[in-house]
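Asker: Chain by chain, the residues:
Protein chains: 4
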Amino acid sequence: MSQKPQIFDRVVEHSIRVRYSETDRMGVVYHTNYIVWFEIGRTEFCRAAGIPYRQMEEEGILIPVTGVDCTYRRPARYDDGVTIRTRMGEVGSRGLTFFYELVGEDGKLLAEGSTRHIFTDLTTKPIRIPENIRTRFAEFVGAEIS
Amino acid sequence: MSQKPQIFDRVVEHSIRVRYSETDRMGVVYHTNYIVWFEIGRTEFCRAAGIPYRQMEEEGILIPVTGVDCTYRRPARYDDGVTIRTRMGEVGSRGLTFFYELVGEDGKLLAEGSTRHIFTDLTTKPIRIPENIRTRFAEFVGAEIS
Amino acid sequence: MSQKPQIFDRVVEHSIRVRYSETDRMGVVYHTNYIVWFEIGRTEFCRAAGIPYRQMEEEGILIPVTGVDCTYRRPARYDDGVTIRTRMGEVGSRGLTFFYELVGEDGKLLAEGSTRHIFTDLTTKPIRIPENIRTRFAEFVGAEIS
Amino acid sequence: MSQKPQIFDRVVEHSIRVRYSETDRMGVVYHTNYIVWFEIGRTEFCRAAGIPYRQMEEEGILIPVTGVDCTYRRPARYDDGVTIRTRMGEVGSRGLTFFYELVGEDGKLLAEGSTRHIFTDLTTKPIRIPENIRTRFAEFVGAEIS
Chain A
38 MSQKPQIFDR
48 VVEHSIRVRY
58 SETDRMGVVY
68 HTNYIVWFEI
78 GRTEFCRAAG
88 IPYRQMEEEG
98 ILIPVTGVDC
108 TYRRPARYDD
118 GVTIRTRMGE
128 VGSRGLTFFY
138 ELVGEDGKLL
148 AEGSTRHIFT
158 DLTTKPIRIP
168 ENIRTRFAEF
178 VGAEIS
Chain B
38 MSQKPQIFDR
48 VVEHSIRVRY
58 SETDRMGVVY
68 HTNYIVWFEI
78 GRTEFCRAAG
88 IPYRQMEEEG
98 ILIPVTGVDC
108 TYRRPARYDD
118 GVTIRTRMGE
128 VGSRGLTFFY
138 ELVGEDGKLL
148 AEGSTRHIFT
158 DLTTKPIRIP
168 ENIRTRFAEF
178 VGAEIS
Chain C
38 MSQKPQIFDR
48 VVEHSIRVRY
58 SETDRMGVVY
68 HTNYIVWFEI
78 GRTEFCRAAG
88 IPYRQMEEEG
98 ILIPVTGVDC
108 TYRRPARYDD
118 GVTIRTRMGE
128 VGSRGLTFFY
138 ELVGEDGKLL
148 AEGSTRHIFT
158 DLTTKPIRIP
168 ENIRTRFAEF
178 VGAEIS
Chain D
38 MSQKPQIFDR
48 VVEHSIRVRY
58 SETDRMGVVY
68 HTNYIVWFEI
78 GRTEFCRAAG
88 IPYRQMEEEG
98 ILIPVTGVDC
108 TYRRPARYDD
118 GVTIRTRMGE
128 VGSRGLTFFY
138 ELVGEDGKLL
148 AEGSTRHIFT
158 DLTTKPIRIP
168 ENIRTRFAEF
178 VGAEIS
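Residue numbers (my numbering), protein chains in the order written: chain A, 38 to 183; chain B, 38 to 183; chain C, 38 to 183; chain D, 38 to 183.
Please note that a few of the clues may not be correct.
[As the list claims (entries may be wrong)] Facing chain B, a subset of chain D residues (Cβ under 7 angstroms, in silico):
no., residue
1, V73
2, I77
3, V102
4, C107
5, T108
6, S130
[Unchecked claim] Residues from chain C shown here face chain D by an in silico Cβ test under 10 angstroms; the list is partial:
no., residue
7, S52
8, R54
9, Y57
10, E59
11, D61
12, M63
13, G64
14, Y67
15, H68
16, T69
Derived from the structure by calculation, the hints contain no laboratory data. Glycine is no exception: its CB is placed at the ideal position from the N, C-alpha and C atoms.
Whenever a hint applies, use it, and build me the whole structure from the sequences.
Answerer: Here's what the structure looks like:
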């Protein structure tokens, strides 16, 4: 969205296989499913960073999506392997952004995009990110903690 | 499942139109979506009976699905009109069953099936159905209230 | 995305009701389902314009999504009514853009976004839009046909 | 459905992790997603048997679902690991049945069910199963080939 977003180099990769249910009558994956895969990517990113998303929710912190964009390059098909490459943008006190690339078994880019998030409590009221979570993310991506 | 289930005559009909997202690469509706439509059918059945399902949940009563079966007769396709015909089986003190027929614009049967449910509280602990709900359902279908 | 996109005033409105299956454990609609609703919006837009999308596909013209963005304002919940307001951007010879607003029963904006599309043949090879389709869309939105 | 169906012992296991998108506002997995997982189970069963389902489709043989049933025992939740255990019933000349158990990380049964299928050509006209496919399935499960 914005020009020149900060994106950290740290990548978490996770592979999935296209389900029959994810295809549509055009014979390829229905377009919103790529964005479902983004969600799998950030689940695995948080797990790799040592702060599983489910655990965050259980501690009362939600990270709902406030915006998404996706650009489609090549279609994925039933039973294809797809690798989700997830990276993180700068973690602000109130929200964060994830960036995604979806790559086919031949290494070619299928789609790319990003999701924007805020931190909220269980009532979905916006909150500031707890300092320990911010520090953990920052350490994981090697950012200076301001 | 069981032989000769009690099914009341009272039918609630509701029509939907097939979404592109509901198709699969076979060019027809993906099979689990018929069962999603069953859910729409029982939502409308409860509304017609005067006890909207959302209201029941807000009052602390959940009716989770404990079993489902569906038999597929003819495929539905993108942009087809489909009518969901929902009826109810006998309401026990601990659960109930809904029966469904999905019918195309030509009046032909697309699929039929049933869902079995129990009543639970918000923690999903089984409960007995509150008497006022049972009475309302019974009145709606014209059953004798035992 | 782009600055100052051309958006025509002609709006096609279509209302849906939130399905239980569309919610997630946060208690609100799962974010990709808003984008599924966008698809319903453009299906109804094409129908209103006199060129049903299914008919276009049957005549060998596909309009796959090449990009999508969505910004979320307020959550929708199970059984809420939602109105999809769809408008069209300028129709180029090779593609077009749709713009969407999702509005709750209280008239408040739930989400807004756009989808970008190209025209392809049944093998998904890009094609120029057939002149009769371009003319029909232009007439529908009141655009000058260049 | 029928009493005492033939079920072969050969089991193919495949594990998945529950996606956020698969949950509903009850906080657990939406019930039709268990049946989507059945489909993943039979995809992996066919692959293990040496006849990948995608390859069958590319050779012009479809195996659409003609019926499904599922009984729910325990809910699965976001990020849970789930193992799909798939077995096959007797392969007739015109169709076959798969049986499924979904098991949680603690080894407890979450759900079980079956899907019934026929063989069709690409126009979805019923056909007899090609002999080489029938033989392969029979060899895989150790059945006598009648």
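Asker: Quick check on T108/D please, does its C-beta sit within 7 angstroms of some C-beta on chain B?
Answerer: Holds. Min distance 5 angstroms.
Asker: Interface hint check: Y67/C, Cβ to nearest Cβ on chain D, cutoff 10 angstroms. Holds or violated?
Answerer: holds, 5 angstroms
Asker: Have a go at the S130/D hint: is there a Cβ in chain B nearer than 7 angstroms to its own Cβ?
Answerer: Status violated, d = 20 angstroms.
Asker: With 7 angstroms as the cut and Cβ atoms as the points, is V102/D at the interface with chain B?
Answerer: Check passed: Cβ of V102/D comes within 4 angstroms of chain B, closer than 7 angstroms.
Asker: Was the hint right that S52/C lines chain D, CB cutoff 10 angstroms?
Answerer: Where the cut-off is 10 angstroms and the nearest Cβ of chain D is about 21 angstroms from S52/C, the hint is violated.
Asker: For the restraint on D61/C, tell me whether the closest CB of chain D is nearer than 10 angstroms.
Answerer: holds, 5 angstroms
Asker: Next item in the hint list is R54/C. Is there a CB on chain D closer than 10 angstroms to its CB?
Answerer: violated, 15 angstroms
Asker: Given Y57/C as an interface hint, is its Cβ closer than 10 angstroms to any Cβ of chain D?
Answerer: The hint holds - Y57/C has a Cβ within 10 angstroms of chain D, the shortest such distance being about 6 angstroms.
Asker: Using the nearest Cβ pair, does G64/C come within less than 10 angstroms of chain D?
Answerer: Since the shortest Cβ distance to chain D is 5 angstroms, the answer is holds.
Asker: Would the stated hint for V73/D survive a check requiring a Cβ distance to chain B of less than 7 angstroms?
Answerer: It holds, given that the least Cβ distance between V73/D and chain B is near 6 angstroms, below 7 angstroms.
Asker: Does the nearest C-beta of chain D fall within a distance shorter than 10 angstroms of the C-beta of E59/C?
Answerer: This hint holds: E59/C lies near chain D, its Cβ roughly 8 angstroms from the closest one there, short of 10 angstroms.
Asker: Taking the least C-beta to C-beta distance, is C107/D closer than 7 angstroms to chain B?
Answerer: Since chain B brings a Cβ to about 5 angstroms from C107/D, closer than 7 angstroms, the hint holds.
Comparing the model with each numbered hint stated earlier shows that hints 2, 6, 7 and 8 do not hold.
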